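Going down the list, the protein sequences come from chains A and B.
Position one of the first sequence corresponds to residue 150 (the numbering used here), numbered consecutively onward.
Position one of the second sequence corresponds to residue 10 (the numbering used here), numbered consecutively onward.
Because the hints were derived from the structure by calculation, they are not lab data.
Being a predicted model, the structure only gives us computed values, none of them experimental.
Worth double-checking, as some hints may not be accurate.
[Unchecked claim] One side only, chain A facing chain B, incomplete, derived with CB under 8 Å:
id, residue
1, MET150
2, ILE151
3, ARG153
4, LEU336
5, LYS339
6, THR340
7, GLY394
8, LEU410
9, ARG411
10, GLY412
11, TYR416
12, ALA419
13, MET420
14, GLU423
All residues carry an ideal CB built from backbone N, CA and C; glycine is no exception.
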Amino acid sequence: MIPRPFEYHAPTSLNDAVKLLGDLGAEAKLLAGGHSLLPMMKLRFAEPAHLIDLGRIDALRGIGIDGQVIRIGAMTTENELVWSELLQQHCPLLVEAARLISDPQVRYMGTIGGDISHGDPGNDHPALMICLDATFVLRGPQGERTVKAVDGFFLGTYTTALAPDEILTEIRIPIPAEGSGWCYAKLKRKTGDFATAATAVLLRMKGGQVEDVSIALTNVADTALKARDAEGHLRGKRLDEAAIGEAARLAMAICQPAEDLRGNVEYKTAMAGEMTRRALRTAASRVH
Amino acid sequence: MGLEPNLERLTQLEGIGCARKRREDPRFIQGRGTYVDDVKMPGMCFGAMVRSPYASARIRKIDASRALALPGVIAVITAEELKPFKLHWMPTLAGDVQAVLADGRVSFQNQEVAFVIAENRYIAADGADLVEVEYEELPAVVDPRKALEPDAPVVREDLAGKTDGAHGARRHHNHIFTWEVGDKDKTARAFEQAEVTVTQDMLYPRVHPCPLETCGCVASFDKVKGDLTVYITSQAPHVVRTVVGLLSSVPESKIRIISPDIGGGFGNKVGVYPGYVCAIASSIVLGRPVKWIESRSENLTTTAFARDYWMTGELAATRDGVIKALRVKVVADHGAFDACADPSKWPAGMFHVCTGSYAIPNAFVSVDGVYTNKFPGGVAYRCSFRVTEAVYLIERMIDVLAQKLGMDKAEIRLRNFIRKEQFPYQTPLGLEYDSGNYETALRKVMDAVDYAGLRAEQAARRADPGAEWLMGIGVTTFTEIVGAGPSKMCDILGVGMFDSCEIRVHPDGSAIARMGTITQGQGHQTTYAQIIASEAGIPASVIQVEEGDTATAPYGLGTYGSRSTPVGGAATARCARKIREKARLIAAHLLEVSPDDLEFDLDRFVVKGAPGQAKTMKEIAWAAYNNVPSGLEMGLEAVDYYDPPNFTFPFGAYLCVLDINRYTGETKVRRFYALDDCGTRINPMIIEGQIHGGLTEGFAVAMGQQLPYDEQGNVLGGTLLDYFVPTAVETPVWETDYTVTPSPHHPIGAKGVAESPHVGSIPCFSSAVTDAFAHLGVTHMDMPHNAYRIWRQSHALGLDRR
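Using the sequences and the hints, build the whole thing.
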């Protein structure tokens with residue numbers, strides 16, 4: 150459980166970090182909390198020659214509002230999400246989900262940007278970002294570009310649209326409409342575990358019918374999934390048990406989970422359906 | 010009159026029955042403990058293991074040249090380097106041999122192949138990575154039943170042609186022993202004549218004790234003096250000294266084993282592991298201290314698992330539920346080497362306590378020990394040797410029988426209990442239970458939880474087809490066997506399983522006491538002092554308790570199997586009484602009366618009928634160093650070696666209520682009520698803590714712990730990501746209760762308690778989980794009861810259909 154020797158770099162500005170990443174190339178990995186990377190290094194599954202710690206770049210931290218958009222610095226920790234009054238008021242889905250990530254100690258170190266950039270389908274933020282229609286700001290030597298979470302940012306297990314010389318700097322989330330219901334329903338074996346299956350839901354009702362709904366699934370494929378068929382089925386309908394059941398079935402239909410000690414394909418798929426039911430019911434109860 | 014001052018003095022003593030705070034805690038909660046990895050010695054180097062990725066393979070070649078070329082690597086040792094010292098194999102506690110470093114062949118994944126010694130642990134890890142080993146993979150066998158098939162892969166080529174093992178004849182190349190106990194023919198007749206019989210297969214899966222602190226040692230050999238000092242996380246330091254002496258040919262007088270603070274043992278730290286031998290051998294050769302510390306995964310996948318018992322139970326009974334006979338067949342998976350820690354004569358430990366709390370007239374048990382390509386062990390994980398397995402078997406079987414007869418699970422227990430007037434009770438498998446009062450215990454629990462009300466609620470829930478949550482009620486009424494043990498029955502490597510205490514009272518009346526046991530969280534420094542306080546009248550606050558250093562402590566067999574209080578505690582009480590009796594002679598001399606004219610009153614000797622004439626223990630201690638009666642030695646100290654006449658038999662009645670989600674398999678433990686009877690209670694607060702800990706570990710085993718293997722012999726789940734260690738979030742709220750039925754043969758009537766909650770709770774969880782499905786015909790569900798496995802049961806019954 151001891152990693153190979155590596156060089157540690159701790160730039161204090163984003164420009165320096167981008168330059169270092171460019172100079173060191175594929176030998177370098179970004180350290181953004183380290184709760185996925187460091188265990189992999191200790192097991193010697195990952196053996197980077199250089200670690201670039203983003204933890205001292207103040208510009209990468211913080212949560213603010215800019216018009217109708219919530220802006221979250223990539224190095225904002227999970228606990229900072231949990232404690233944010235701004236998020237509690239405007240985006241409680243993110244707060245509820247962050248509370249379910251690992252354990253309190255990890256939440257002091259783990260960051261939203263690290264969680265997203267790692268590309269692990271077991272991580273919770275990818276589905277949340279898809280559900281919330283987030284946009285990612287990526288910074289490279291050529292400057293800045295933005296990519297939406299739903300537009301192919303998550304490519305596969307441990308692969309994202311981030312270029313090797315790019316750093317995720319900010320997450321932009323459109324403020325959910327006033328009165329929306331929300332829920333992140335997560336089934337896990339124990340504190341600290343990844344989801345067996347989890348579902349994020351954002352729900353808007355109008356006149357007793359679903360005006361809009363966003364549903365995303367965690368850890369039931371090689372990326373987080375947007376459950377478009379389930380969403381489409383619900384729009385314009387009353388949210389009764391029949392509709393919820395059909396939505397759960399449609400969500401299950403897109404699952405392609407990998408078997409592991411958490412369960413086999415059948416179980417994980419069924420659990421994605423159960424979490425979808427739970428998330429929809431709870432979200433409906435929170436609509437006001 | 011006179012009561013008030015006595016109460017004050019009684020309070021000051023902090024003796025038996027006092028919930029005094031733990032003496033250990035100030036240093037632990039301030040981070041001031043000293044664990045093995047805190048030991049740093051000048052010139053110390055580090056060892057790291059090279060381990061096999063294969064479960065079964067021949068080793069074609071080991072090339073250490075790249076490792077040796079790495080700056081800072083001092084040496085790489087393999088079986089070849091150990092051969093000249095005859096240290097490439099070592100004897101196990103179970104009468105087998107185990108490869109210290111693989112001798113041309115590996116038999117389990119992560120087996121020790123080479124040991125890299127370097128200037129620091131980082132270089133050691135890099136060096137281990139650079140050792141190149143060429144393997145020829147061979148077929149592996151991981152299922153002990155398949156291991157006994159005629160053409161099963163051979164796990165142990167080194168045993169070719171050996172038809173006898175340490176426990177009798179071997180009938181197959183993967184067979185270790187067959188152990189039978191009880192009357193086979195009588196039991197068979199009882200089954201033939203029975204009105205009702207039931208049979209049930211059950212697997213007690215392979216689990217690991219997983220102490221917070223992994224195993225490790227620092228070995229330091231002084232080439233000039235010829236002294237070997239080893240700091241080691243051992244539950245049995247004196248036994249380790251004997252083993253090291255046998256292995257190294259260094260006389261025991263030149264070997265000092267020190268068990269410093271230990272971060273939990275739970276059976277994992279009884280054995281002697283290859284890492285220890287490599288560190289010691291390296292230190293002897295290099296003349297430098299060598300440290301070896303396991304990683305978490307090494308701990309979970311190489312050093313001493315527990316359980317892995319494949320059991321079939323049968324009960325014969327009358328139609329009205331009176332049990333006539335028990336028959337048990339076990340296939341015991343011991344892994345690649347038989348390194349169980351059991352008393353020498355009993356290769357299945359005290360599994361023969363499996364007739365439980367019930368008056369069963371006939372019983373027969375047969376256990377087959379089997380080699381497989383899995384790591385060795387079979388230790389007692391927070392229990393006495395194989396008692397958890399035994400209690401699980403009988404408690405599950407009682408439930409199965411109740412279901413077959415349509416009887417209530419509490420009612421069938423009440424019907425079959427050994428009654429309190431039947432003690433001492435001879436079991437058909439050769440044990441003599443010391444004392445018990447089972448019916449009182451169970452009735453107290455049933456009243457406390459409103460058992461009838463719970464069953465009514467369950468009936469209503471079962472009648473509701475729309476209920477999302479199923480309700481299960483588990484009941485266990487277990488009997489433990491602890492305090493190993495009488496030397497006529499129990500020995501380890503030929504050393505009887507006594508234990509010891511030595512007390513020295515200083516001139517100022519304070520005292521130091523040393524025992525052959527070793528605390529790993531049990532709170533010995535607190536509770537042993539309480540025994541001495543009550544028995545010798547010395548306040549616990551001025552008694553220093555020390556254990557674990559073989560240079561100072563008297564020889565003892567260590568702490569496991571809840572033996573500290575039953576054996577070490579008995580030695581402590583008797584030793585304290587020797588102090589008291591010598592003090593009586595000195596007091597008589599000082600008061601110029603006959604010793605018979607004195608009576609002991611808490612902390613002093615008082616002349617009978619003259620309460621004003623007294624000498625306190627403090628005064629007597631001073632006199633012991635300057636004014637003793639002629640013919641009496643000066644000083645005030647004593648030693649006691651206690652060989653118990655029998656085991657002790659703590660018992661309890663547990664009840665669990667839980668709710669299971671039929672769609673997801675999630676379980677919520679609503680209520681867990683644990684009544685324990687451990688005889689005389691020394692420190693109620695420590696007992697409470699021990700019970701909470703044992704219940705939590707029981708919960709862990711029942712609900713989530715398992716070390717599964719794939720067909721190729723790869724161990725799965727060997728990290729804490731998968732291996733279930735509950736946090737405060739998962740852990741249920743525990744309700745505890747007690748009755749007191751002292752042991753008649755123990756000097757203070759105490760029986761031991763730390764393991765009862767583990768032993769008793771595990772079948773209680775299984776009972777409750779199974780009970781949630783019992784109305785649908787389910788009689789048993791194997792552990793672990795994680796959501797996935799429970800869902801599969803629910804799914805098989807169609808309960809998850811919408």
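How the hints compare with the structure:
no.: 1; hint: MET150; verdict: 4 Å, holds
no.: 2; hint: ILE151; verdict: 4 Å, holds
no.: 3; hint: ARG153; verdict: 7 Å, holds
no.: 4; hint: LEU336; verdict: 6 Å, holds
no.: 5; hint: LYS339; verdict: 6 Å, holds
no.: 6; hint: THR340; verdict: 5 Å, holds
no.: 7; hint: GLY394; verdict: 6 Å, holds
no.: 8; hint: LEU410; verdict: 5 Å, holds
no.: 9; hint: ARG411; verdict: 7 Å, holds
no.: 10; hint: GLY412; verdict: 4 Å, holds
no.: 11; hint: TYR416; verdict: 6 Å, holds
no.: 12; hint: ALA419; verdict: 7 Å, holds
no.: 13; hint: MET420; verdict: 6 Å, holds
no.: 14; hint: GLU423; verdict: 5 Å, holds
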